[in-house]
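Engineer: These are the residues of each chain, in order.
Number of protein chains: 4
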Amino acid sequence: MKRMSIDLLSQFGRRVRVGLVGGGKDSVIGRTHLVAMRADGLYDVVAGAMSVDPEVARASAQAELIDEDRIYTDFRVMAEREAAREDRIDAVVIATPPQLHFEVASAFMEKGIDLICEKPLTRDLGEAQRLNELVQRHDRIFLLTHCYTGYPMVREARALIASGALGKIQCIEGELCAGFVVDPQNPDRHWRFRESAMGKGVLLGEVGSHAHHIVSYITGLRVEEVSAEMTTFAEEREVYDNAYLTVRFEGGARGRLWGSYVAVGNDHGLSFRIFGEKGSLTWVQEEPEVLWFKAAGKPALRLARGYNCLSPAAAASTRFTAGHPEGYALAFANLYSDFAKALMAKRLDLPYQSYLDGIPGISDGVDTMALIDAAVRSNDKGGAWTALTRQEIGLPGRS
Amino acid sequence: MKRMSIDLLSQFGRRVRVGLVGGGKDSVIGRTHLVAMRADGLYDVVAGAMSVDPEVARASAQAELIDEDRIYTDFRVMAEREAAREDRIDAVVIATPPQLHFEVASAFMEKGIDLICEKPLTRDLGEAQRLNELVQRHDRIFLLTHCYTGYPMVREARALIASGALGKIQCIEGELCAGFVVDPQNPDRHWRFRESAMGKGVLLGEVGSHAHHIVSYITGLRVEEVSAEMTTFAEEREVYDNAYLTVRFEGGARGRLWGSYVAVGNDHGLSFRIFGEKGSLTWVQEEPEVLWFKAAGKPALRLARGYNCLSPAAAASTRFTAGHPEGYALAFANLYSDFAKALMAKRLDLPYQSYLDGIPGISDGVDTMALIDAAVRSNDKGGAWTALTRQEIGLPGRS
Amino acid sequence: MKRMSIDLLSQFGRRVRVGLVGGGKDSVIGRTHLVAMRADGLYDVVAGAMSVDPEVARASAQAELIDEDRIYTDFRVMAEREAAREDRIDAVVIATPPQLHFEVASAFMEKGIDLICEKPLTRDLGEAQRLNELVQRHDRIFLLTHCYTGYPMVREARALIASGALGKIQCIEGELCAGFVVDPQNPDRHWRFRESAMGKGVLLGEVGSHAHHIVSYITGLRVEEVSAEMTTFAEEREVYDNAYLTVRFEGGARGRLWGSYVAVGNDHGLSFRIFGEKGSLTWVQEEPEVLWFKAAGKPALRLARGYNCLSPAAAASTRFTAGHPEGYALAFANLYSDFAKALMAKRLDLPYQSYLDGIPGISDGVDTMALIDAAVRSNDKGGAWTALTRQEIGLPGRS
Amino acid sequence: MKRMSIDLLSQFGRRVRVGLVGGGKDSVIGRTHLVAMRADGLYDVVAGAMSVDPEVARASAQAELIDEDRIYTDFRVMAEREAAREDRIDAVVIATPPQLHFEVASAFMEKGIDLICEKPLTRDLGEAQRLNELVQRHDRIFLLTHCYTGYPMVREARALIASGALGKIQCIEGELCAGFVVDPQNPDRHWRFRESAMGKGVLLGEVGSHAHHIVSYITGLRVEEVSAEMTTFAEEREVYDNAYLTVRFEGGARGRLWGSYVAVGNDHGLSFRIFGEKGSLTWVQEEPEVLWFKAAGKPALRLARGYNCLSPAAAASTRFTAGHPEGYALAFANLYSDFAKALMAKRLDLPYQSYLDGIPGISDGVDTMALIDAAVRSNDKGGAWTALTRQEIGLPGRS
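Protein sequence lines, in the order shown, are assigned to chains D, G, C and Y. The numbering of the first sequence is full-length UniProt numbering, which starts it at 1 and goes up by one. The numbering of the second sequence is full-length UniProt numbering, which starts it at 1 and goes up by one. The numbering of the third sequence is full-length UniProt numbering, which starts it at 1 and goes up by one. The numbering of the fourth sequence is full-length UniProt numbering, which starts it at 1 and goes up by one.
Okay, chain D solo, but in the shape it has when bound (with noise of 0.2 Å):
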């Protein structure tokens, strides 16, 4: 069951201060943070610049039991006035357009501010590796919010495969297809339908980054050239709401990617499943509590979230016995709990890196953006199989 960091919560003698830009009362995404950030009693939310308009501002603040002097509606200013303070948050939560996070990120890491940001990263790669060089630079603790990789079982698929229990892996199957209805009369605002955001692509961020992001994590398994057919199937739409991807990952597997918006009928619509020589895992993050276990010739095994044969990494993540369902709020806070932990540990000087082996970093993000910015060009060059532009350097690889 998982430890509630009680030793380190002790000797750092208080909770995390946040600060929030973005994520305001008319963000689904911003009240997910909340909770999950809430769940294990790690954050005190003390700052917010939760949205541009200053009514949403001063409103989402209050609903926070945030203090006056620290609602903001510009995040420079937040990041001016907080570095100044000497209760100063210590880390920011950046919940807006992927466009803005370059900015936001930049603004607060240079007041020597740690950042958990939600995904994609950034508009495009280009951004995406400029950002990563100024983490590494500047030594910052960065959480993207990759929230679904913080599922228990999740996180034992990724402990299995790297287990040796599927074998060399072969065929790697990741999808998110949602099915957002249009309605021409009342367009959709969200940036996810906006060309402004991240191009014709920005599906592959929207909702493709989750489906690469949780193969990658799982598999260990980088993506090295991608065949793209992308569509635009809604004639109101500004972008492609329809993504197949095939790729070719390292070591000789072979996948497929799926990105929709036209999935119509499904509620939300992440999955995988891995085949290796050995065996072959299935996930559906409708049902995040199963992990379906196929080996050669046996019977299916239904591993279940607080089952005593799981794996560390696993039974870490974990708060209640098995049959309570954690759901999608306490994933997300494993995220969170994990950050706190690495962040408080850093402080203390003590060691925090194996705090944040489990959970998605700046690496990461750069990851998914080759691969969208690989599939944006064989998309354009009728699907030809296109290579993803790595810059080693910036990359440091998941330990």
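Check before you lean on any hint, since a few could be wrong.
The list treats identical chains as interchangeable, and a pair is accepted whether it falls inside one copy or across any two copies.
Distance condition first, Cα-Cα at most 16 Å in a straight line; then the derived EDC-like pairs of lysine to aspartate or glutamate [said to hold, decoys possible]:
no. : residue 1 : residue 2
1   : K25       : D7
2   : K346      : D357
3   : K278      : E235
4   : K168      : E235
5   : K25       : E64
6   : K111      : D87
7   : K168      : D53
8   : K25       : D53
9   : K298      : E277
Rather than coming from a laboratory, the hints here were simulated on the basis of the structure.
Take the given structure of chain D and dock chains G, C and Y to it, following the hints.
Structural biologist: Positioned in the frame of chain D, the structure of chains G, C and Y alone reads:
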């Protein structure tokens, strides 16, 4: 989507201050309460007598960053001292074994502190009735944490039945059949296995109470008579470890309740099936996001949390969009959220009863204690049909 | 994989000749018997008194290409004439309502014709016992078509329990709860709703018998005492439409059997759950290819038809590789196949008893009739525990 | 419910006489054909060249009680001799490896014998086109046994899409990913692993053909272009063992087809998901009784075989009431049943085309061979988009 009670919190100006009795570091249920009460940011844990063991009490409280002067080892001292403070606790959470509930609840109630109490309500029916009278006399808000009724889809089931979608209810099946394996070398000291907690029928308090409460909650029907067959399968046990109850409900419905410790292999084991003249509902706690509605002669409908077609009660209990499983902690959090709103509203002299309508209270606890009392008597008489003892004056109907 | 009994068929030199009594064109169960007996190519349908209505009898027989001179409307005439032929039928299929089973079976048995009989065995326990005596005296092979025991995974459940995989059996749950909707304008004339068929408890013959037989079959345990609560919910009905039975098995296991017509929304409704000291089994007829085995403290195993790890009994009942669902008709066909092999072997003076070991016989029918008899008496006495009447001489144990 | 074609059978006066080529005792698919053709009592197996091995041929035929003088070892001799008999076979079942299909079919077709042929249609596209021309010229009835289209819920899917319930189709996902484990000590000699059967892309004939046919069947859409990525993972194999196809359909839909031998752990692996503007359908062969219909913004509907709300096509393919799983053999039997009716009707000079509308014919086979041909070419060109070769004159559209 869930309204975060922003206006009430702003008006109240601070979070609800809460103290804990029991639920220390070695307690599974204590951890759960903490996660649940944190989720919506409506509570501050400021005091605690979390264990009778001073070391555990201290360590548990420190882990919550409770101030030294509010860490107690005796709940009576805690009630006394807290009552004397200006920043006294608003509510106490009682997470001790059931035989202490009456005493703890009484001590705090007399000081004007509202009550959040674990199930089963008390040691026996007599205590339950006396506690009920005290709660009425002191006019206290009382939450009995039958946490599973906090699930949106359980609330949807209740709303569907109230709407007449199932027609007249005929058959009611509820069960919580757990698989606690006996380890003779290492006997479980949990109160659930101790006759001292509430007699040989303690499993009806531990597991049976959830099965009874959930079907009562969703159907609004009370059990009138019970025929019980209780057994001890594991020789090492001093209490029954299996209880089959056949029950007759007011209005003519028939049903069965099953509470068990010997359902080996089960992870959790709570479910209900309700059959009416026009259709049926099925829900399994381990897949809590889904409620199956099967109308006569029609395909089954898979209703899920977050859908537009759901009742206001379900919608108000929902934080995230469909397909992002909220899980057990957020179901539990719904009880805490409703309780906090009722408490704030009452203290602000606003209408508050509506916040209590959807959460289990003292009368639900008395009702279940009456069932347990009758079931034990029936079993002693070879399964003879036995009427429940009601003390109608003390039992205000659920509005 | 299933051995098609090739050698026996070759030795016998022809298919088994079979005649039908009842089961005409307007009969659901008749169609099922025909598909089941055809599947393995071991039967020729050559005679029939398929309805008391001459037109239906003729049309039904012609549809099976039965010769004109072997189409009958009276089963006694059929027994007489068939017995006089050189190419006489080897076996008769009795698919009439239950109150005729005794008479029809007696008529053919006396002519040396073997018997395939629909459930429930007879109108009442007395008839069942007398029929049993006749079958023993005439030394006839008798198949009672409790078709669900032909499923490979039901046979696997039996083999697993016999192997001790579950340890001592403690709780036994069986149910067949159907949802037959009442249409007052168009009442169902099926015998299942007629008191004349077997009294007010006829639903125990129609649906309850399957629930009882299947759990007896797989556990090998017989019910000793029953406590019954039977109800008529639909006013239009002259019989009970819901029966809750709590039962005590020999050796100490406890269980519940549920037979219902009012489980509105159910498609079929047969399932069992068996809990032993070491593990449990769950099977649902509507997903018949899968048997869930859950051992204490271990992940659930999804056992499926066709797997290499299954018992000889399951393997011998299997035609196709895993993942090609065999379904209900081939389960039924397994009973027909075993019966045909027994019949051929017996007539070839070969050992034949082993073919009968896995299929329901006359003693199973007597056993269920004893349960029904005791359940009705218990219900009449307000649910008092009532012992089953056994006539041990007439009840040879299943080997 | 299924009408058993009683009148046609009575008019025809006898069952369809059928001969088998291939499919002997050592053949899995042979056993399946036998069960399928027996189920509805419309066929008599009277002749066979069931193996090239004389002993296997003889034993296989004897097991079916075929007369000595109609047991053959050479299909040409069989065609010759059968054609000369008065009681000649009406139809031949071709269950040999694909490279023999053309020759066998030609031999019998010329004698006026109708054809039931296993998939894939032929060794290559050229053969397929020539066979198509021969079938048209000889005016023969031709059933290609893509057995999965016999499932009632697959036919329901087709009817739903034809009715417009999904709106314009956008994404089409079909797969048959099997997990055939390589045993180097005991290599599988099945044609599915032999380059000689149909080249290195033989897996597209063995498994890919089912995925392609089923989505074509239900959507009525033909593939125009394909981009293929084919791989050999198991070094021991002389053929590809994984094929990822991205496809463009006529009218703008996009899709993916996956055929694999390396989906380790899968029992079977056939499924489809079809997404239209208004809703989606999901079906998995291993739970064939259920078709999920998810309309935009509505709860998922669980449609099941036997429901009153289904289309005439599904109803006509159904034998038993809902909840009695019909399974694979009866799906297969639906093809046999429709073929028999067409054959009888045609020979009775009655309209017969409607019986063929729902079953796969020669043009379906040509269509899949064109896909395979283009996929192999695309793969050879590094996944370039490759148009399918059509020979429109020879390809009468499915009416």
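Engineer: Hints broken by the structure, by number, lowest first?
Structural biologist: 7
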